[in-house]
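Protein chains in written order, with our numbering: chain A, 972 to 1533; chain B, 972 to 1533.
Treat the hints as calculated values from the structure; they're not laboratory data.
Hints may be right or wrong, so weigh each one.
These stretches of chain B come out as covered by chain A in the derived footprint (C-beta under 8 Å, 3 or more residues) [unchecked claim]: (1) 981–990; (2) 1000–1013; (3) 1052–1059; (4) 1273–1281; (5) 1403–1412; (6) 1455–1465.
We put the beta carbon where it would ideally sit given N, CA and C, even for glycine.
Protein chains: 2
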Amino acid sequence: MADPKNILFIMCDQLRWDYLSCYGHPNLDTPAIDSLATRGVLFNRAYCQSPVCGASRMSFYTGRYVNSHGASWNFVPLRIGEQTIGDYLRPRGIRTALVGKTHMRADYAGMARLGIDLQSNEGVFASECGFEPYERDDGIHPSSNHDPFPKYNDYLRAHGFGGDNPWEDWANSAEGPNGELLSGWYLENSKLPARIPAEHSETAYITGRAIDFMKEAAEDPWCLHLSYIKPHWPYMAPAPYATMYKPEDTYPPVRSEKEKDNPQPVFGAFINQRVSQTMARDEVRNAVLPGYMGMIKQIDDEIGRLLNFMESKNLMDNTMIVFTSDHGDYLGDHWLGEKDLFHEPSVHIPLIVYDPSRKADKTRGTVCNELVEAIDLAPTFVAATGGYPQPHIFDGKALQPLLHGGEIKDWRSYVISEYDYAFMDPRIELQSAPQECWLRMVFDGRFKYIHCERYRPILFDLQNDPDELTDLGDDPAYEEERIRLEKLLFEWAMKPRQRVTVTDGLLEAVDVQRNISQAGILIGYYNADELANVSKEWDDKPTFAAFNPVWAKAQKKLKGEK
Amino acid sequence: MADPKNILFIMCDQLRWDYLSCYGHPNLDTPAIDSLATRGVLFNRAYCQSPVCGASRMSFYTGRYVNSHGASWNFVPLRIGEQTIGDYLRPRGIRTALVGKTHMRADYAGMARLGIDLQSNEGVFASECGFEPYERDDGIHPSSNHDPFPKYNDYLRAHGFGGDNPWEDWANSAEGPNGELLSGWYLENSKLPARIPAEHSETAYITGRAIDFMKEAAEDPWCLHLSYIKPHWPYMAPAPYATMYKPEDTYPPVRSEKEKDNPQPVFGAFINQRVSQTMARDEVRNAVLPGYMGMIKQIDDEIGRLLNFMESKNLMDNTMIVFTSDHGDYLGDHWLGEKDLFHEPSVHIPLIVYDPSRKADKTRGTVCNELVEAIDLAPTFVAATGGYPQPHIFDGKALQPLLHGGEIKDWRSYVISEYDYAFMDPRIELQSAPQECWLRMVFDGRFKYIHCERYRPILFDLQNDPDELTDLGDDPAYEEERIRLEKLLFEWAMKPRQRVTVTDGLLEAVDVQRNISQAGILIGYYNADELANVSKEWDDKPTFAAFNPVWAKAQKKLKGEK
């Protein structure tokens, strides 16, 4: 086992953390994903930085909070200049490619302003979130002008599944008893198999493209982001997966009537959304959930196929493998559909990291209960490949201390997640201005506090109320808790990482003020004697360089010390 | 008088707000600058966003808090992608140029990463803070490799002031009785005249270049940033200005022994700096202050010359003129030299705005006591020239409501200023890590609260203690005040403007969720009947578009309403 040469970064879309057997699902067996947990570390308390595709992914890719990178929802371009995983790995010779979804919108206005040629290498990387777009496919291709020409459609046509939009008509539709098309957009059809055979479904196709990439990359080091579209809606699985599970195989809905009784206004507005009203109905859950589980089961089978391929090429010995999801899915829990808010089904994510290096041997098969965040992956990849840690840019922390075991102190005492509902109908219901729609969660492992602009906070005590059914946000008994948690949010908000152009290391290594003086910029010297006196002190009395271990070592050597 | 066609944005460097006669200096007559106040509005409570050149200027130019743009000190490149005044004005045909200093460092690493050609127009603008560098001169040209080739040196040589570095040897040195060079870097020489005649000094040269620009620009609309280097150090004025003022013409030092008695640690560390120790000495003040006042007097004379030129070209009728400074100078007040902290001599800035338009007639010659910030200028320039207000990018607010008079409500209840002392010796003394050096001031017009990472806050009550000699930061009697002010800082910190790629206006005008549905992305529909029912509602029940005045107007028209 060597230090990782390659990185395989697998992401599912909208996969709940608790719908995997390694995370305890009683009726959904996922042996391939479980096998990664057996070989690596299963993180039991991992959180996404925003429970919505675009914002969450931009945090995964930049290693930065939404507060830092600014791409706060799905249609918000990642501003030009933000760096992503590829920007850190590529300069060190690591081919960094994408197969599947990023949901990244390019900042074309910014690129035009700066005269960046879209056809240049730099232009392509800047518009593809830093990845080489080996196969970009965001997975949503309705019959409209929204992203209408996936390569997958060409693939389907070449395999005999024709028409204007085989993605919609074959891969995401079922068939009625008389051969009529039943759209996968309608949730009542989620319990039916897609018209496409499993081997030509999106999940299988995307896996195949990952295998193509690995074959092509051969001996060169690489980082592959394999980003599955499923189990995101349209909730359609092909046979046999679509019919493998029954409604009684799913978790029962987690919700109580009490939640709807005078709810906190933002929570109430999200309950009022059509998608929430729909997903809260039992008939809908009973149609959707078997399909959802079927899609996950298929992903597991495909990951099994991929791992077999990697075994056969000896790639398991030199490839770090990460398995995660961008966020979860309420599936009717708490009377909500989709994601967006901060209950566990939405904001808690699965995260498994397999590190092939010997250093990770003592943690294999263990469960880690430390609080970790999606933003920890980018620094983990940089650390795995020996790069500079970028503490001035990354809000996240490399996971290697947790992967390599040993004593862990001061890891992290809380996680943060954010949501900007400016783009959502609740903004209209609440008549909030676009700048007033920030929700921010701080979770310390027990208490989950959600700060809501314009409204009272939401608070859950997960120790006494693991299902998050009792909102303590206005309970006078918890005033001190709320003040304590708001202080954590304040601490966090006061440390945005926007000074991205100067490293902490430079500050620690360079004696800034002395350098300024030595360049002839003399600040505060009355006369030449004062300068002479200060100059004499410079060698004996390092100031900034005192924190620089390289300098300290050199000084010791100079003095004959060891 | 027409709406402004041009903008003249004059900035001094390190000019204290109270060293001008229009701001009440009893012994320093500045009639030209005062004449702008007579014709425009004098802002009596204007604050810079960071009391240090680079960070303050990046806030002026971007219209954003340091917290937003990230260039937190002098040597921090403004990250590629941040937009500045020129980026907003140039696309609308306004030539936006620089004469003098910006202190901007270009993000060459970012430009290289994005493949931006340094020689292209876009590359030049990106590396010159969005300005056309008609004459870039940051004003610090010691005999070292720091910015060694100003065009001003060529000018001096052409006028017979020769040598390797005439900036240092002529413009910023004096002469001893035996003809020996007395360096302007040494403060004891600040009371002597520079070797250069006034007409060839930096202040005169830079003014001349501004006049050159106006002649060249002719009838085309322009925005000129005329950015004087003085009265920044080296504190050297030419004759006759150097000897116009005596120590007794200056304000006496504002300080008390009590301040040095167990000071708040950050304040204490700044007092301990060499420059502070030096500037606190009377002999130093007595040498420096006459020179400082002489430099200001010369600036006023040169602005008089410029205004006469503009009068002769009828430019006063169509040019908005702003006069301000990037920050102040302690000059020994509070036992400090330089700037950096948040006492009034450092963070309070002069600000005068002359708006030629008729709308501003009723405010001419008035004093405005509203709290205003340096970041208000960029949006003011955009508004003056009819641009889109950019509320998703600008932290500042256009000043036109204050310039045009009438009822003002909800202007602003506090101002913010920030300082990152990671680059300063106090970081070493306090052994702080580079991310732990943030100081943040909130001032509500009476109480000034300074939040200091790792240390207790500093608090002044300017109503009872206008000289800021009593730090109430640990006075138990002010606990409630501190909590209230920290809540304001929290409110501010939770609203960073990083979602810069989508306008608020778009969000208000577009029905995001309906558009998504109409593009065929159907979220949460159980069957076709549900979609049909929702579709019927769409025309009658606008959601996002309800806030769009254009839409509302169209709807009214449709219904025959007025």
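To see whether the hints hold, each was checked on the structure:
1. With 0 residues having a beta carbon nearer than 8 Å to a beta carbon of chain A, the segment 981–990 of chain B misses the requirement of three or more and the stated coverage is violated.
2. A count of 0 residues in the segment 1000–1013 of chain B with a Cβ less than 8 Å from any Cβ of chain A is obtained; the coverage claim is therefore unmet, three being the minimum.
3. Check on the segment 1052–1059 of chain B: 4 of its residues sit with their Cβ under 8 Å from a Cβ of chain A, so the three-residue criterion for coverage holds.
4. Figure legend: the segment 1273–1281 of chain B, annotated as covered by chain A; annotation inconsistent (0 residues with Cβ-Cβ distances under 8 Å, at least 3 required).
5. Against chain A, the segment 1403–1412 of chain B contributes 5 residues with a C-beta closer than 8 Å to a partner C-beta. That satisfies the three-residue criterion, and the hint holds.
6. Only residues whose C-beta sits within less than 8 Å of a C-beta in chain A count toward coverage, and the segment 1455–1465 of chain B has 5 of them, enough to reach three; the restraint holds.
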